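> Sequence:
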Amino acid sequence: MTITLADLINPRCCAVVTQELQGAVVGPDSPLAELAIAAAPILEPVAVLCETARARGVPVIHGLAARRMDRLGANANARLFTMMNRSGVDMEPGTPGAEPVDAIRPQPQDLRIARLHGLSPFHGTELDWVLRNEGVTTIIGVGVSLNVAMANFAFDAVNSGYQFVLPTDAVAGFPADYAQMMLTHTLGAIATLTTAADIIDAWN
Numbered sequence: 307m308t309i310t311l312a313d314l315i316n317p318r319c320c321a322v323v324t325q326e327l328q329g330a331v332v333g334p335d336s337p338l339a340e341l342a343i344a345a346a347p348i349l350e351p352v353a354v355l356c357e358t359a360r361a362r363g364v365p366v367i368h369g370l371a372a373r374r375m376d377r378l379g380a381n382a383n384a385r386l387f388t389m390m391n392r393s394g395v396d397m398e399p400g401t402p403g404a405e406p407v408d409a410i411r412p413q414p415q416d417l418r419i420a421r422l423h424g425l426s427p428f429h430g431t432e433l434d435w436v437l438r439n440e441g442v443t444t445i446i447g448v449g450v451s452l453n454v455a456m457a458n459f460a461f462d463a464v465n466s467g468y469q470f471v472l473p474t475d476a477v478a479g480f481p482a483d484y485a486q487m488m489l490t491h492t493l494g495a496i497a498t499l500t501t502a503a504d505i506i507d508a509w510n
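Each residue of the sequence shown is one higher than the last, beginning at 307 in this note's numbering.
What the hints contain is simulated information worked out from the structure, not anything from laboratory work.
Treat each hint with caution, since some may be false.
Simulated restraints on C-beta separations [claimed, not checked]:
1) Gln415 <-> Asn510: 16 to 24 Å
2) Pro399 <-> Arg438: 20 to 28 Å
3) Asn316 <-> Gly494: 16 to 24 Å
4) Glu440 <-> Asn510: 16 to 24 Å
These figures come from a predicted structure and were not determined experimentally.
We treat Cβ as the ideally placed atom computed from N, Cα and C, and that holds for glycine.
Using the sequences and the hints given, assemble the complete structure.
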């Protein structure tokens, strides 16, 4: 039996999970300037997708990377972590750097799940249990970056038994040609690629 997009994203069994759409990563003070520029066009599609999800009763969850100012508990075992730690960007829990950017219009009812460690919203967090508690079998994953964290997120989701739906106009990486290669040659093999507009149309 063919599984359609509408089947996968039935509001009773899906959730929208944003990945690192926060001030320290895609905001104006991000030390990842190229990524912030690449992400700017996806923020409005993400906002509209999240608004529609809420209206359909679909949970919206924000996966956030946080760092204490003393960096206690933070990774330092990869160049990316070392660069972020040395940048001095404020990712203290509760600060703008560790909160969803205003451009995606987060709401009080959204869940926020922060982590001090790792590259994926699954690693060392309650995300898996929260999703299962809500009966979620499909994750609609949006955010950054296709280079690293979105790929890690997608693989973790699939390895945990979830369907992963990825709207290509609501994710970003850099440079653009590499981001497209990730979609075509890697994520397209494990996820259902679509657009935010197609998801919204299916819900409507």
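> Look at each hint and say if it fits the structure.
Verification of the supplied hints:
1. Gln415 <-> Asn510: 16 to 24 Å: 21 Å Cβ-Cβ, so the 16 to 24 Å window holds.
2. Pro399 <-> Arg438: 20 to 28 Å: Distance hint for Pro399, Arg438 holds at roughly 24 Å.
3. Asn316 <-> Gly494: 16 to 24 Å: About 22 Å separates the Cβ atoms of Asn316 and Gly494, which means 16 to 24 Å holds.
4. Glu440 <-> Asn510: 16 to 24 Å: holds, 22 Å
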